[in-house]
Amino acid sequence: MTTPPQLNEHDLDLLSAYLDDQLSADERRAVERRLGDEAELRQAYEELRATVQALRDLEPLRPPRSFTLDPAKVAAQRPPAVRLGWRRWLQVAGVFAGVLIAAIGVLNVLGSMGAGAPATAEQPTAEVMMAVAPTEAPGLRESVPAAEAATPPIGDGVAAPSALDNGSDAVSPQTLATPEMAALPDVAPQPTVAPPAISSPGTADLAQPTPAVAPATPAGGSNVILLIVIVAVAVLAGGVWLWRRRS
Amino acid sequence: MANEELRLVMVAQRGDVESFNALVRLYEGRVYNLCYRLLGDADSAADATQDTFLSAYRHLQAFRGGSFRSWLFRIATNVCYDILRARQRRPAVSLDASCETAGEDTPSLQIADTSESPDEFALRRELARAIEAGLAQLPVDQRLVVVLCDLQGLTYEEIADVLGANLGTIKSRLSRGRARLRDLLRQEELLPLRFRHEGEE
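Chains D and E supply the protein sequences, listed in that same order.
Start counting the first sequence at 24; every next residue gets the next number (our numbering).
Start counting the second sequence at -12; every next residue gets the next number (our numbering).
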């Protein structure tokens, strides 16, 4: 018996790809020309073709049983329905609404308490002002229309939950909601204490035209901010709740 | 067909087990065969197939379109790799041994048609046995590509998608795997005679 032809790896790759019609037109023509000229290459090709044919002729096996899932068992394990269908959205909306109502209730109670003791509200309000609108520029306050006054807090309010969402792994809805909700009542009497907070020296060098909370419509502006913060907290709490359900 | 398949996937993603089971019925034969050819024994292949479908169901949300078959085969491949790795750590059953017993699991080959002589039938049977034994001897990465291409009929692009490898790697593994199998068949003188004799003339 003669020694079988040993091809180099390149020729082997070429023949294998030629068998699967994976060569470019030029490559194919070159291989066909060589197959006509080189007996060794032709023999190697025929052997490879026979091998591939033997593989393809291998009869498929019949599975020993069915692999369909038992709905009862699967349901007991874990349903895959994580995608938010309309029922799911309804549940989420319910949670949002619940958190919202609770927040407004707490706000009202603490707001009325805060009105009776305005002196104690001063310090927390300053903290809220620093946290919610740190870039306020007092010099531009008068030139900003009232409608635009609410814009920066909206931006902050929207950014906050998304940032927290990303890192919400170890945060529970309660721990997220509580500090913000506790601070919310202090925003209500804001018009009386806002000027000192705005005129703090720490914000004086920020010359960008970021509007402050408009003093012309103190009640309306603060209510809008408040509503936004509440909605943000509610969305955040709902999101965290959802995340915990999924994981 | 592809549309119907995607529709089933979408309904199953909403938690409909029956739709998912329709997909199982569509693919269980192919997944079982893939697992069997990679693992070499019927019991392991059945377990791997069941694990594949369970895993696919649990992670159905991760399927974001494209070829469902490729996605499913990727899961099956990973499941089989896990089993093979576990075997390597604790080699209680060698692949060769399991392959020797595989003949008992495989259904007996039927004579294809009346024109096939008993000799031809015997040769075909011997060839199938040698191919199975040869597959078991291939390195896993080569075996996988050969099985996906020549037994499952996937294109190079689909195989690259399943394995997350580039086309050059796929082509290389495939040609080396085929060449090894050819050498094995040649050793056992199972290649058709005219090819073996041609070089001797």
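Rather than coming from a laboratory, the hints here were simulated on the basis of the structure.
For clarity, every value in this text was computed on a predicted model and none was experimentally measured.
It is possible that part of the hints are untrue.
Computed spacing ranges between beta-carbons, pair by pair [to be verified]:
1. E/R1 to D/R52: 25 to 35 Å
2. E/A73 to D/P87: 17 to 27 Å
3. D/S47 to E/S104: 35 to 45 Å
4. D/A53 to E/G16: 33 to 43 Å
5. D/D43 to E/G151: 40 to 50 Å
6. E/D30 to D/G117: 44 to 54 Å
7. D/A116 to E/D30: 43 to 53 Å
8. E/T142 to D/D93: 32 to 42 Å
9. D/R88 to E/E5: 45 to 55 Å
10. E/G16 to D/I127: 51 to 61 Å
11. D/R51 to E/G140: 16 to 26 Å
12. E/N65 to D/N31: 52 to 62 Å
13. D/R88 to E/L154: 28 to 38 Å
14. E/G16 to D/I124: 52 to 62 Å
Derived contacts from chain E toward chain D, CB cut-off under 7 Å, selection only [what the hints assert, rightly or not]:
15. L13
16. G16
17. D34
18. D38
19. F40
20. P126
Stretch-level coverage of chain E by chain D, calculated; a stretch enters the list once three of its residues show a Cβ under 8 Å from a Cβ in chain D [unchecked claim]:
21. 3 to 11
22. 21 to 33
23. 62 to 70
24. 146 to 153
25. 159 to 165
Virtual Cβ for every residue (Gly too), placed ideally from N, Cα, C.
Evaluated hints:
no. : hint                        : result
1   : E/R1 to D/R52: 25 to 35 Å   : violated, 52 Å
2   : E/A73 to D/P87: 17 to 27 Å  : holds, 21 Å
3   : D/S47 to E/S104: 35 to 45 Å : holds, 42 Å
4   : D/A53 to E/G16: 33 to 43 Å  : holds, 40 Å
5   : D/D43 to E/G151: 40 to 50 Å : violated, 20 Å
6   : E/D30 to D/G117: 44 to 54 Å : holds, 49 Å
7   : D/A116 to E/D30: 43 to 53 Å : holds, 49 Å
8   : E/T142 to D/D93: 32 to 42 Å : holds, 35 Å
9   : D/R88 to E/E5: 45 to 55 Å   : violated, 18 Å
10  : E/G16 to D/I127: 51 to 61 Å : holds, 59 Å
11  : D/R51 to E/G140: 16 to 26 Å : holds, 21 Å
12  : E/N65 to D/N31: 52 to 62 Å  : violated, 34 Å
13  : D/R88 to E/L154: 28 to 38 Å : holds, 37 Å
14  : E/G16 to D/I124: 52 to 62 Å : holds, 55 Å
15  : L13                         : violated, 11 Å
16  : G16                         : holds, 6 Å
17  : D34                         : violated, 10 Å
18  : D38                         : violated, 10 Å
19  : F40                         : holds, 5 Å
20  : P126                        : violated, 15 Å
21  : 3 to 11                     : holds (count 5)
22  : 21 to 33                    : holds (count 3)
23  : 62 to 70                    : violated (count 0)
24  : 146 to 153                  : violated (count 0)
25  : 159 to 165                  : holds (count 5)
Checked against the numbered hints above, the structure violates hints 1, 5, 9, 12, 15, 17, 18, 20, 23, 24; every other hint is satisfied.
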